[in-house]
Every structure is written in structure tokens, then in C-alpha cells.
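Participant: Here is how the chains run, residue by residue.
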Amino acid sequence: MKFQIPIGPQHPALKEPISLRMTVEGEVIRDADIRLGYNHRGLEKLAEDKTWIQNIYLTERICGICSHSHATCYVQGVEKLMEIVPPKRGLYIRYLVSELERIHSHLLWLGVAGHEAGFDSFFMYTWRDREIVMDLLELISGNRVHYAINTLGGVRRDIDEGQKAKILEGIITLRKRSEYYFHIGANEPSFVARLAGVGLLTKEQAVSLCAVGPMARASGITRDVRKEDPYAVYDEMDFEVGTAESCDVLGRVVVRVKELLESYKLCEQILHKLPAGDIVVKAPRKAKPNEAVSRYEAPRGENIHYIKSNGSDKPERLKVRAPTLANYPATVEMLKNGFIADIPLIFAAIDPCICCAERTVSLVNIRSGEETVVRLSDLRRQAIERHKNAPPKRNAVWPF
Amino acid sequence: MTDVELIENIKRDLGAKALEVTNPDRRRIFLKVGPADLVPAVTVLRDRYDCRYLATISGVDKGEMFEILYHFASPAANINVRTEIPKASPHVESISPTIPGAVLYERELQDMFGMVIDHIPDPRPLVLPDDWPAANYPLRKDWKFERPQEIIPGGKS
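Same order as they appear, the protein sequences are chains A and B.
Per the working numbering, the very first residue in the first sequence carries number 1; after that it's consecutive.
Per the working numbering, the very first residue in the second sequence carries number 401; after that it's consecutive.
Bear in mind the hints are in silico, worked out from the structure with no lab data behind them.
Take the hints with a grain of salt, since some may be wrong.
[To be verified] Here are the in silico distance ranges between beta carbons for each label pair:
1) A:Pro230 / B:Glu550: 45 to 55 Å
2) B:Val404 / A:Lys203: 42 to 52 Å
3) B:Glu550 / A:Gly142: 15 to 25 Å
4) B:Glu550 / A:Pro189: 56 to 66 Å
5) A:Asp238 / B:Val404: 55 to 65 Å
6) A:Lys288 / B:Glu420: 16 to 26 Å
7) A:Glu245 / B:Arg540: 41 to 51 Å
8) A:Asp31 / B:Gly415: 41 to 51 Å
9) A:Pro289 / B:Pro548: 29 to 39 Å
10) A:Asp238 / B:Glu420: 36 to 46 Å
11) A:Ser312 / B:Asn536: 23 to 33 Å
12) B:Pro548 / A:Asp238: 28 to 38 Å
13) A:Pro230 / B:Gly415: 25 to 35 Å
Ideal placement from N, C-alpha and C gives every residue a C-beta, glycine not left out.
Go ahead and model the full structure; you've got the sequences and the hints to work with.
Facilitator: Structural data, given as C-alpha cells:
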């Protein structure tokens, strides 16, 4: 007897709108179907009406977690079209932000994996440590989410010695913490028992279904654009591609922790080798008719942009493929013959970013009125004052 | 294998099927084939050049013609197979039997450009909503978005 159960588009286990239709036989999933489009914003069409510069900020808003990935992928391609070469220092800063972003994204994912596996203290630990890297990103760019550091021909902000020292200091702490997570991920018996053998994706399946990123690497494929097709600064760096052979969710945890440790190495190398000089060159307003394929290793896998110019100040075509979309066919295979209780875990293991895959634009209206800028220290002071003046709470009474 | 050697080999293996091979940048190869030769060419690339990983498929509206680019990535290079089909009869053969991971991108082409992918294993719409009006293909150049008039029941007060 087979039943079909719908999960999503609005479901407590999934944070973003996507619909999964599961055909189940008892507790076992026999078939899965994914329906997309609940979040489609038509960004590729919109990009054709915006100038090269405006599109940086548009592509940055494809995703809220890997915002720098899309902007960098776009900027790399447009710089090829415009035939400009950014100065070395600018490139180093750009890819420093890339690596810091990978660290924050992987720490976020580790927390989600811990949460879905019912190991909430792991979730709280990793998200606490994620604040360190978020603060570092804020230190460099002024923002925690959309860093807006890229521009055509380089980056918009330089870093000084003080910032450099602070980043290195933060990385030392993060490395210590990540080694501890690696230890837990590989040794904590209940965590390992929950993750091992769940969501199997064999190497053959991963190859034929074109899986990308940590999903593919956990199935033993050593494909990483940074190594395979080294862009910008990566051919000057020493790092390894983290892989695992276990083909399950545990392997995906291991791969991401290995990548964290490699990213710390990369950040330190970038900071130690940081050359002196300019951070940006002037970019022309228009690009000659041409085309470029730009590849970038985002935290979730390969990100590819195809950009075609027509001689004007706007692109003729901008095609964006986010890594999550590439991982959907493989996800269906992973869900098959699994249990209903494993759905959130398997689905979370691809680190899905629905809004990436559907490339939409969400706009938030701020209610009109006066806007004031409050400094963080003032805000903290206000919070403390408010807390002091709040009426005292009665002590909770134990009901029995 | 360098790009030059790779291009030589591809030209030799594909023969007359390869209409044009260009190498605009390091590790970027653009190969043009006719729409009828697409599946055989992709099969050759998959079997002899390790192009089993399809990164994505891009469609471009060029006025009278549609251009389709299949972006393959092998460890040696990024090989982009290009083909052109007329807009009046936009039929192209599915490569999903050869490359199973291609099906989502082919469905996206059907949605956004109104191309007809023959023998596609799963022809349902991918991203457009169920109540999307027929024969509206958003990424065609002649399609313009007009925001519908906002009607508030009872009017603004």
C-alpha cells in the first residue's frame, strides 16, 4: 500500500519554500518528487535592464548566506569581458572575504546538522563560534550579510594592520574550536549513529547526476573549482581538497569540517602574503560584445555564471546556476529507500538554499519615518537601562 | 593536456560535426555543433573527454534564433557546446538519456524560452507557477513584464 505525503511548501522542518512529494510505503520512502518555483523572482530578466555596476548589487542579493559568492562570480566574469585586471591586493582582499564567508556558511550548516540530528548543544556551540567570523566580516566590510566589498576592477575597502591582527587572532580561536568539532563529528557515538549510513549517494550516482560541492566530495569525487580551475589567487595558495568516502550525511559533516580547517589555512596565507599597492582599477562603463563563463567554488558547490555582453552598458544575458539546483537530482536519489524521519536530515545535508536556486528578489519595505543611526555602544547602554527599569519578574513557581 | 592539444583532438574526433572551435581564454573552449549532431557530440565528449559533469545549460535569445550552450566541465577544461535552433520551430533533442543530471536545466529552458525538448524524461514546468498564462516565456527578449494594476477590495480609505 503506497501513500503520497506532501512536505512543504510551508513546513516546520524546512525553512524555505519548496515542496517535496514523498511516496511512502509504511515508514520507507519509495519515491520522491521536488517541486520548485515558490520563490522565483525573475532575476535573470531583471539583470538585462540594469547596468554592469548595478548588477553587482543585484547578484549579491541572490542569496543571503553566500552573497559574496554570486557577486564575485559575476564580477570575475565581467572583468574578463571588460579586459581589466584587478590589482593583486584587491584580489587578495576579495578572496579573503570569500574564505571567511565559507567559514561562516559551514559553521552555520554544522549547527543545522546538529539541530536536525537532535544534538542541540552542538548547534549552539557552532553558532556561537560563527559570531566570531561574522564580526570579522563586519570588521572588514561594515556588514554582516551583504558585504558589498566587490566592485568591477577590485574591492571597495582596504584592510589595515590592526584589522589583519584581529582576523589572525579570530582564526586561531576558530581553528581550535573546529578541531574540537572534528573530534566530536568523528567520535561522539550518538551523533555518529544518527548520521552514518543516512542518505546514501554512491560515487556513480553523484557523477551521473552532476552533484557538486561537499555532496560530491563526500562521495569520493575530488572536484573543487579552486583546485581544478584555479581562479585569481588560488594557484598561489597551498591547500587540499577535503573528501570522504562514506557517501552519507556523516561524510558530508566530515568534508565540511575539513574544508573549514583548509579555509583557516587559506585565510592565514592570504593575510601573510598580502601585497602592498592599490585595491582597485577604474573599470570602463561598457563592455565589447563577447561572452564569458565564470566559475567559482561557493560554500555549497560550484557556482557558474554565463555572461554575454552586446557592447552596451548592460548585459545581453546573465545566466546564474546556483549549486543547490545542481544537487536536487541527487537529493531525490538520496531520499529513496530512506525513512520519513530522515527527510529533514538528508535534505539539510545538501545545505539547501532555495532562494539561491530560484534567483529571486525579495524587497522589504521600511515604514516611512525618521531614521536615526544608533551606535552599537549606545544600543547596548539603552538595552541595559531598559533592563534595569523593567518591572522585576516574579520567581517562577515549581508547579508540583 | 593543453588547450591546443585538446582542441586538435576534439576536431579529429568530431570531424565535420564540429562547425567551429574557439578558445577565447585559458581552459575555456567553445564548440559549435548543429542541432542534429548535438547528442552524438555530447556522447563523444562524455566518453572520451570525461565530460560527465554538466554545469548548466544557458539559453540565449538571438532574435530569429535561439542559442543553447551546454557548459561541461572536465578536469582538463571547461567545454561549452553551442548549438542554434530557429525560434519558429524551437525543437532540440534531449541530452538527459546521455547526461541524467541535465533534466532540470532542460525543464528550465522549456519554461523560460518555450523551447521544445524532444524526448525529455520529465516535461513538467519547473519554476513557473501552475496558473502561469500559456505561451508567455519570460526570458525571450520580446517579453516585457507589466505589473498588474493593484486592486484593493473596498478601495483605499
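Participant: All hints are to be evaluated individually against the structure, with a verdict given for each.
Facilitator: Against the structure, the hints come out as follows:
Separation of proline 230 of chain A from glutamate 550 of chain B is about 50 Å and conforms to the stated range, judged on CB atoms against 45 to 55 Å. The hint said 42 to 52 Å for the Cβ distance between valine 404 of chain B and lysine 203 of chain A, and at roughly 32 Å that hint is violated. At about 36 Å, the beta-carbon gap between glutamate 550 of chain B and glycine 142 of chain A misses the expected band of 15 to 25 Å. Take glutamate 550 of chain B and proline 189 of chain A: their Cβ atoms lie about 58 Å apart, and the range 56 to 66 Å holds.
In this structure the supplied range 55 to 65 Å is violated for aspartate 238 of chain A paired with valine 404 of chain B, their Cβ-Cβ distance being about 29 Å. Between lysine 288 of chain A and glutamate 420 of chain B, the C-beta spacing of about 19 Å keeps the proposed range 16 to 26 Å intact. Look at glutamate 245 of chain A against arginine 540 of chain B: about 46 Å separates their beta carbons, and that is inside 41 to 51 Å. For aspartate 31 of chain A and glycine 415 of chain B, the Cβ-Cβ distance of about 42 Å falls inside the hinted range of 41 to 51 Å, so the restraint holds.
Look at proline 289 of chain A against proline 548 of chain B: about 35 Å separates their beta carbons, and that is inside 29 to 39 Å. Between aspartate 238 of chain A and glutamate 420 of chain B, the C-beta spacing of about 39 Å keeps the proposed range 36 to 46 Å intact. Restraint check, serine 312 of chain A to asparagine 536 of chain B: a C-beta distance of roughly 26 Å satisfies the suggested window 23 to 33 Å. Between proline 548 of chain B and aspartate 238 of chain A the CB atoms are about 56 Å apart, so this pair departs from the stated range of 28 to 38 Å.
Between proline 230 of chain A and glycine 415 of chain B, the C-beta spacing of about 33 Å keeps the proposed range 25 to 35 Å intact.
Taken one by one, the earlier hints fail for this structure at numbers 2, 3, 5 and 12, listed in ascending order.
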